[in-house]
Amino acid sequence: MEPIQPFQPTSCCNRPEPDKIPGGENKEINKGKSITLGLLGLALWYLIYTQLNPFSHFFVYSLLGIERGSHLGASVQFFIYDAPKVMMLLTLVVFLIGILRTFFTQERTRKYLAGKRESTGNVMAALLGIVTPFCSCSAVPLFLGFVQARVPLGVTFSFLIAAPMVNEIALILLYGLLGWKVAALYLGTGLMIAIVSGWIIGRLRLEHWIEDWVQELRSGDAVVIEEKLTWANRITRGKEAVRDIVGKVWPFVIAGIGIGALIHGYVPETFMADIMGKDAWWSVPAAVVVGIPMYSNAAGIVPVVEALLSKGAALGTVLAFMMSVIALSLPEMIILRKVLKLKLIAVFISVVGAGILFTGFLFNLLI
Numbered sequence: 001m002e003p004i005q006p007f008q009p010t011s012c013c014n015r016p017e018p019d020k021i022p023g024g025e026n027k028e029i030n031k032g033k034s035i036t037l038g039l040l041g042l043a044l045w046y047l048i049y050t051q052l053n054p055f056s057h058f059f060v061y062s063l064l065g066i067e068r069g070s071h072l073g074a075s076v077q078f079f080i081y082d083a084p085k086v087m088m089l090l091t092l093v094v095f096l097i098g099i100l101r102t103f104f105t106q107e108r109t110r111k112y113l114a115g116k117r118e119s120t121g122n123v124m125a126a127l128l129g130i131v132t133p134f135c136s137c138s139a140v141p142l143f144l145g146f147v148q149a150r151v152p153l154g155v156t157f158s159f160l161i162a163a164p165m166v167n168e169i170a171l172i173l174l175y176g177l178l179g180w181k182v183a184a185l186y187l188g189t190g191l192m193i194a195i196v197s198g199w200i201i202g203r204l205r206l207e208h209w210i211e212d213w214v215q216e217l218r219s220g221d222a223v224v225i226e227e228k229l230t231w232a233n234r235i236t237r238g239k240e241a242v243r244d245i246v247g248k249v250w251p252f253v254i255a256g257i258g259i260g261a262l263i264h265g266y267v268p269e270t271f272m273a274d275i276m277g278k279d280a281w282w283s284v285p286a287a288v289v290v291g292i293p294m295y296s297n298a299a300g301i302v303p304v305v306e307a308l309l310s311k312g313a314a315l316g317t318v319l320a321f322m323m324s325v326i327a328l329s330l331p332e333m334i335i336l337r338k339v340l341k342l343k344l345i346a347v348f349i350s351v352v353g354a355g356i357l358f359t360g361f362l363f364n365l366l367i
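According to our numbering, the sequence shown holds residues 1 to 367 in order.
What the hints contain is simulated information worked out from the structure, not anything from laboratory work. It should be emphasised that the depicted structure is a prediction, and the values quoted were computed from it without experimental measurement. Please note that the accuracy of each hint is not assured.
[To be verified] Calculated lysine-lysine pairs in the DSS-like style (CA-CA distance at most 25 Å, straight line): (1) Lys85 to Lys311; (2) Lys278 to Lys248; (3) Lys85 to Lys239; (4) Lys181 to Lys85; (5) Lys311 to Lys181; (6) Lys85 to Lys248.
[What the hints assert, rightly or not] Pair ranges (Cβ atoms, derived): (7) Gly65 to Leu40: 32 to 38 Å; (8) Ala273 to Glu216: 50 to 56 Å; (9) Arg203 to Thr36: 51 to 57 Å.
Glycine is no exception: its CB is placed at the ideal position from the N, C-alpha and C atoms.
Could you put together the complete structure from these sequences and hints?
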């Protein structure tokens with residue numbers, strides 16, 4: 001039996017060195033190994049990404065032997081190039097945003113917006129909508145949480161507009177496929193629509209058009225539970241985001257790329273220019289009307305946008321179509337009907353639709 005050692009207090013003078021702490025050296029090695037593997041993985045990702053275009057040409061025209069310049073060749077090459085390109089971009093972006101979103105949870109967003117005045121709150125809500133987790137199925141829980149936190153109605157709508165429309169996946173895919181100018185224009189106009197539309201709805205004082213049972217929640221207190229996360233937890237959340245989001249949206253992505261490939265290969269440029277060009281004044285409202293009943297996410301609609309623009313469709317018309325699909329989708333309206341009366345839903349669609357129409361006409365006029 002070993003003798004009991006006398007107690008020695010630990011201070012800044014006699015605290016064990018990091019490499020003498022049991023397991024400390026292994027933790028440092030594991031951390032360094034993780035960083036090294038991450039950098040190597042990113043370098044490999046970039047190397048593969050830069051070779052996708054030449055590989056698609058080799059695969060289609062040399063390996064498959066499809067004739068260059070043919071409709072079939074153009075369609076297959078578009079698909080073979082865009083499918084891995086979009087999926088690689090999507091996976092990387094979702095992983096990084098999954099980590100970033102651990103700092104901007106829905107609970108923390110409610111806390112930030114609670115008590116904010118409408119003008120400042122509209123801007124904050126639109127900006128937070130870009131990085132806060134959102135999907136159509138979360139529209140009702142988010143709305144209820146905002147009501148219980150006494151967030152003004154107009155501020156709430158600024159968030160509900162910006163979150164699906166100006167999300168990070170749409171911006172990164174637009175940047176990767178169409179360049180920073182289109183992505184910046186989409187970001188600026190999307191935020192403007194969210195801020196202005198929310199402000200208008202707030203000025204109209206339509207709180208009485210919220211369902212009565214929702215109004216009763218204002219008398220309660222919102223409970224915000226903050227979760228303390230380590231960097232290991234945040235990286236795990238990033239991996240979970242990839243599994244959950246990419247695992248759910250990949251069929252929409254492949255379908256969107258397939259539609260885009262058919263448009264790219266078989267639709268004549270003159271036809272698309274006549275239907276969705278600048279000279280067709282009715283193309284913008286028609287694009288919005290067609291887009292609202294559709295259900296897709298940003299990852300699925302961006303490849304279609306890329307194909308439409310390559311065939312001569314006007315930028316304003318295409319962006320109006322994309323915004324209406326994402327921000328005014330019919331499934332989201334059906335879900336919101338649980339908490340909003342039909343009159344408020346009609347006002348919401350009208351105000352946001354007017355903003356989208358204005359954006360489409362403005363871009364077609366100036367660009």
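(message) 51 to 57 Å was suggested as the range; check whether the CB atoms of Arg203 and Thr36 agree with it.
(response) holds, 55 Å
(message) Holds or violated: Lys181 and Lys85, Cα atoms, limit 25 Å.
(response) At roughly 19 Å apart (the allowed maximum being 25 Å), Lys85 and Lys181 satisfy the hint.
(message) Holds or violated: Lys85 and Lys248, Cα atoms, limit 25 Å.
(response) holds, 18 Å
(message) Is 50 to 56 Å respected by the C-beta to C-beta distance linking Ala273 and Glu216?
(response) About 54 Å separates the Cβ atoms of Ala273 and Glu216, which means 50 to 56 Å holds.
(message) Just to be careful, I want the Cα atoms of Lys85 and Lys239 compared with a cutoff of 25 Å; is the pair within it?
(response) Between Lys85 and Lys239 the Cα gap is close to 19 Å, so the pair holds against 25 Å.
(request) Verify the proposed pairing of Lys278 with Lys248, using a straight-line Cα cut of 25 Å. (result) Answer violated: Lys278 to Lys248 is near 36 Å, above 25 Å.
(request) Mind checking the alpha carbons of Lys85 and Lys311 for me, to see if they're no more than 25 Å apart? (result) Holds. Lys85 to Lys311 sits at ~20 Å (cutoff 25 Å).
(request) Given the hint that Lys311 pairs with Lys181, test it: the Cα-Cα distance must not exceed 25 Å. (result) holds, 18 Å
(request) Return holds or violated for the Cβ distance of Gly65 and Leu40 against the range 32 to 38 Å. (result) holds, 36 Å
In summary, the structure is inconsistent with hint 2 from the numbered list given earlier, while agreeing with all the others.
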